[in-house]
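Colleague: Sequence:
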Amino acid sequence: MSQHHVNPDLIHRTAWGNPLWNALHNLNIIGLCLAGSIITALIWPLALPVCLLFTLVTSVIFTLQRWRCPLRMPMTLSLDDPSQDRKVRRSLFSFWPTLFQYEADETSPARGIFYVGYRRINDIGRELWLSMDDLTRHIIFFSTTGGGKTETTFAWLLNPLCWGRGFTFVDGKAQNDTTRTIWYLSRRFGREDDIEVINFMNGGKSRSEIIQSGEKSRPQSNTWNPFAFSTEAFTAETMQSMLPQNVQGGEWQSRAIAMNKALVFGTKFWCVRERKTMSLQMLREHMTLEGMAKLYCRGLDDQWPEEAIAPLRNYLQDVPGFDMSLVRTPSAWTEEPRKQHAYLSGQFSETFTTFAETFGDVFAADAGDIDIRDSIHSDRILIVMIPALDTSAHTTSALGRMFITQQSMILARDLGYRLEGTDAQTLEVKKYKGRFPYICILDEVGAYYTDRIAVEATQVRSLEFSLIMTAQDQERIEGQTSATNTATLMQNAGTKFAGRIVSDDKTARTVKNAAGEEARARMGSLQRHDGVMGESWVDGNQITIQMESKINVQDLIRLNAGEFFTVFQGDVVPSASVYIPDSEKSCDSDPVVINRYISVEAPRLERLRRLVPRTVQRRLPTPEHVSSIIGVLTEKTSRKRRKKHTEPYRIIDTFQDQLKRTQTSLDLLPQYDTDIESRANELWKKAVHTINNTTREERRVCYITLNRPEEEHSGPEDIPSVKAILNTLLPLEMLLPVPDLTASPPHKKNVAQTPSGGKQESRKKRF
1 MSQHHVNPDL IHRTAWGNPL WNALHNLNII GLCLAGSIIT ALIWPLALPV CLLFTLVTSV
61 IFTLQRWRCP LRMPMTLSLD DPSQDRKVRR SLFSFWPTLF QYEADETSPA RGIFYVGYRR
121 INDIGRELWL SMDDLTRHII FFSTTGGGKT ETTFAWLLNP LCWGRGFTFV DGKAQNDTTR
181 TIWYLSRRFG REDDIEVINF MNGGKSRSEI IQSGEKSRPQ SNTWNPFAFS TEAFTAETMQ
241 SMLPQNVQGG EWQSRAIAMN KALVFGTKFW CVRERKTMSL QMLREHMTLE GMAKLYCRGL
301 DDQWPEEAIA PLRNYLQDVP GFDMSLVRTP SAWTEEPRKQ HAYLSGQFSE TFTTFAETFG
361 DVFAADAGDI DIRDSIHSDR ILIVMIPALD TSAHTTSALG RMFITQQSMI LARDLGYRLE
421 GTDAQTLEVK KYKGRFPYIC ILDEVGAYYT DRIAVEATQV RSLEFSLIMT AQDQERIEGQ
481 TSATNTATLM QNAGTKFAGR IVSDDKTART VKNAAGEEAR ARMGSLQRHD GVMGESWVDG
541 NQITIQMESK INVQDLIRLN AGEFFTVFQG DVVPSASVYI PDSEKSCDSD PVVINRYISV
601 EAPRLERLRR LVPRTVQRRL PTPEHVSSII GVLTEKTSRK RRKKHTEPYR IIDTFQDQLK
661 RTQTSLDLLP QYDTDIESRA NELWKKAVHT INNTTREERR VCYITLNRPE EEHSGPEDIP
721 SVKAILNTLL PLEMLLPVPD LTASPPHKKN VAQTPSGGKQ ESRKKRF
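Under this note's numbering, the residues of the sequence shown are numbered 1 to 767, in order.
Be aware that a few hints might be false.
As the list claims (entries may be wrong) - With a straight-line cut-off of 20 Å between C-alpha atoms, the simulated EDC-like cross-links for lysine to aspartate or glutamate are:
#1 Lys216 <-> Glu192
#2 Lys506 <-> Asp530
#3 Lys431 <-> Asp451
#4 Lys261 <-> Glu215
#5 Lys430 <-> Asp379
#6 Lys339 <-> Glu285
#7 Lys261 <-> Glu307
#8 Lys339 <-> Asp379
#9 Lys506 <-> Asp555
#10 Lys430 <-> Asp133
#11 Lys216 <-> Asp318
#12 Lys433 <-> Asp379
#13 Lys496 <-> Glu232
To be verified - Estimated spans, in silico, between C-beta atoms of each pair:
#14 Gly190 <-> Asp588: 16 to 26 Å
#15 Leu415 <-> Asp366: 28 to 38 Å
#16 Gly479 <-> Ala332: 43 to 53 Å
#17 Arg604 <-> Tyr432: 24 to 34 Å
#18 Gly203 <-> Ile124: 35 to 45 Å
#19 Pro305 <-> Ser462: 16 to 26 Å
#20 Lys294 <-> Ala602: 23 to 33 Å
Everything labelled a hint here was simulated from the structure, so no lab data went into it. Even glycine gets a Cβ: it sits at the ideal position worked out from N, Cα and C.
Build out the structure end to end from the sequences listed, making use of the hints.
Modeller: Right, here's the structure in full:
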């Protein structure tokens with residue numbers, strides 16, 4: 001330090017302050033005064049009345065002030081929190097509100113639930129707490145390397161563990177000790193079975209060496225399929241997030257997005273129809289032009305609905321140089337459509353190749369181990385480790401953006417869309433609310449920042465979802481997006497923590513702007529006095545008032561690891577986090593184990609029927625009765641005679657699916673929870689109504705034969721109509737007249753005349 005440096009404490013002075021009054025509000029000075037009064041009374045007993053009076057006055061002055069915490073007060077104190085007071089206008093008389101009005105403070109109970117740390121410098125040791133409202137307004141923590149962000153985050157993770165809730169931890173510069181520390185902390189709370197890990201780290205190992213060596217060890221990660229339970233919109237948005245950000249060629253990216261949506265919609269419908277699981281590998285197989293054309297031809301052959309075929313057909317028609325008449329003969333295609341499609345698919349090729357080959361052990365071909373929706377709603381502890389050294393910046397960013405996109409889409413589903421109905425049916429937001437929020441910690445968010453993070457910060461407050469973001473600087477975040485989007489994120493981060501920052505750049509300016517300025521008194525000059533021993537300097541006669549920032553860059557540079565400034569509601573609080581010793585974050589005798597999951601197939605209906613009582617079984621109609629009705633409704637009479645000349649390979653009928661959906665709706669409605677016959681009658685009425693309101697063309701059945709042409713039948717078709725066949729399935733009690741009991745003996749069977757003049761036995765048909 002330079003010898004000409006002036007102590008800042010001598011420059012900043014206190015103006016308009018009463019030293020005695022300030023001293024009586026200091027806890028340490030009050031303690032000294034009370035101790036001095038007791039000692040004085042013991043030494044000089046005559047001063048006891050004066051000492052008692054002095055003690056009484058100082059105690060009253062000290063207790064009249066409202067004590068408060070630097071941030072919020074913990075809810076366990078069961079006291080009113082002065083930081084949440086509101087100024088309201090009240091009247092002295094309730095019957096006349098406008099008479100004798102006065103201003104009063106409306107108090108609120110303490111709601112602090114999140115322990116941040118403790119205060120430094122003044123009032124050392126006072127606890128720092130945040131409420132749920134503060135958490136759902138989100139938090140951002142800026143600090144350079146070595147500022148203690150990771151250790152501070154470990155201390156903050158104790159809060160959801162104490163609540164019994166889960167959390168999500170995404171690390172943008174992953175190390176294995178981070179996962180191990182979280183595992184051991186969870187182990188201390190008995191939560192190690194709830195941990196799920198998505199580990200993209202490979203330690204710089206060569207994939208080729210692993211394949212050549214034949215290593216069969218289990219992967220150090222749970223498997224994850226981001227497309228297994230996603231809708232078409234979810235999958236399309238996830239793939240769109242893989243595209244590079246802020247690069248040239250925006251026109252090609254827009255066309256690639258259109259190609260992506262057609263591919264996703266066609267592949268998803270095929271997976272739903274064939275009961276397959278959609279995966280990253282499946283999308284890669286169908287991304288080629290031949291794959292999309294093959295998918296389109298499959299839709300034509302299997303008679304997909306028009307809504308499912310239209311996206312594929314529209315894209316193929318828009319490809320320059322592609323002839324739709326040659327869609328089934330790829331060998332006849334020219335080079336122009338292949339080249340045009342290669343430009344579009346090339347936008348995704350780098351990411352797809354990296355994901356499928358480098359991280360093939362993480363991305364599952366089946367459903368996978370991890371469902372993010374289940375992790376959030378079931379309070380799992382989800383850890384996502386994204387490496388920074390052994391992958392490129394684009395790959396690191398794509399991995400993080402894929403996870404963030406999946407998470408935001410799941411939260412969007414929780415917001416609901418229904419408008420009609422009761423609150424219990426429509427307001428899905430209330431289903432997952434509780435006493436404590438769900439916390440998502442995004443460590444090193446600048447490595448994988450996406451615009452969806454800012455959108456989440458503006459939307460997920462109603463879901464009681466809290467974002468805690470840590471970053472080294474603001475410039476890296478702006479490198480992933482625009483300055484406007486970054487400004488939106490800064491505005492939605494209600495609480496900011498500023499650790500060690502070494503330069504007066506955008507990060508420091510953002511923190512200073514959030515803290516604001518305050519008026520401070522400064523001693524502007526000194527006066528020189530000559531004396532016997534030499535000259536001396538005394539304070540000047542004037543003090544100037546200047547507006548200064550509450551945070552100085554030099555104060556940020558001097559911070560040690562684990563120390564930071566908390567910017568909360570315009571106040572700057574010197575803070576420090578709790579440090580967990582290394583001995584508390586590990587255990588040599590207790591190894592870390594990744595929770596592995598076993599795939600279990602869904603039980604069949606026959607097995608479930610054996611497990612439930614007889615009364616519950618009656619709620620489901622028997623498959624025999626349902627199939628008999630469906631068989632009559634879906635059979636085309638004009639082709640009944642042709643069946644003996646062909647061998648059907650597959651029967652395709654969209655009307656049968658419609659009737660199945662009707663049956664499912666009857667199973668779910670509570671008013672049809674009756675016996676089998678009543679349910680069968682309702683199903684029969686629905687079937688007859690459908691027949692009367694649909695055309696024969698809509699109920700057409702297409703038989704796909706084994707390369708055997710059908711023989712034409714030139715004879716007359718004297719086949720009865722569908723309505724006549726349906727009438728034969730009605731209960732006979734509804735068709736037969738009332739029998740004449742006097743015409744036949746009681747021991748004989750009841751017979752009825754058929755339309756042809758013969759007799760037919762009356763038998764009851766059960767549905």
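Colleague: All hints, please: hold or fail.
Modeller: Here's how the hints hold up against the structure:
1. Distance hint between Lys216 and Glu192 is unfulfilled; the C-alpha atoms sit about 25 Å from each other, more than 20 Å.
2. A distance of roughly 48 Å separates the Cα atoms of Lys506 and Asp530; the hinted pair therefore is violated under the 20 Å criterion.
3. For the suggested pair Lys431 and Asp451, the alpha carbons sit about 27 Å apart, so the restraint of at most 20 Å is broken.
4. Simply put, Lys261 and Glu215 have alpha-carbon atoms about 38 Å apart, too far for the 20 Å limit, and the pair is violated.
5. For the hint linking Lys430 to Asp379, the alpha-carbon distance of about 16 Å falls within 20 Å, and the restraint holds.
6. Proposed proximity of Lys339 and Glu285 is supported: the alpha carbons are some 18 Å apart, at most 20 Å.
7. As the CA atoms of Lys261 and Glu307 are separated by approximately 13 Å, the hinted pair is consistent with the 20 Å bound.
8. With a CA separation close to 48 Å, the supplied pair Lys339 and Asp379 exceeds the 20 Å bound.
9. At most 20 Å may separate the alpha-carbon atoms for a hinted pair to count; Lys506 and Asp555 meet this at roughly 16 Å.
10. The hinted pair formed by Lys430 and Asp133 meets the criterion: a straight-line CA distance of about 16 Å does not exceed 20 Å.
11. Distance check on the hinted pair: Lys216 and Asp318 sit about 46 Å apart at the alpha-carbon level, beyond 20 Å; violated.
12. Of the pairs offered as hints, the one joining Lys433 and Asp379 holds, with about 12 Å between alpha carbons and a cut-off of 20 Å not exceeded.
13. Taking the CA atoms of Lys496 and Glu232, the gap is about 37 Å. The hint is violated against a cut of 20 Å.
14. For the pair Gly190 and Asp588, the supplied restraint of 16 to 26 Å holds, since their beta-carbon distance comes to about 20 Å.
15. Between Leu415 and Asp366 the Cβ separation comes to about 29 Å, which falls inside the hinted range of 28 to 38 Å.
16. In this structure the hint that Gly479 and Ala332 lie 43 to 53 Å apart at CB holds, the actual value being about 47 Å.
17. One distance hint, 24 to 34 Å for the beta-carbon pair Arg604 and Tyr432, holds here, with the actual separation near 32 Å.
18. Range check, Gly203 to Ile124: about 43 Å between beta-carbon atoms, so the 35 to 45 Å window is met.
19. A beta carbon spacing of about 36 Å between Pro305 and Ser462 contradicts the range 16 to 26 Å that was offered as a hint.
20. Take Lys294 and Ala602: their Cβ atoms lie about 30 Å apart, and the range 23 to 33 Å holds.
Hint violations for this structure: numbers 1, 2, 3, 4, 8, 11, 13 and 19, all remaining hints satisfied.
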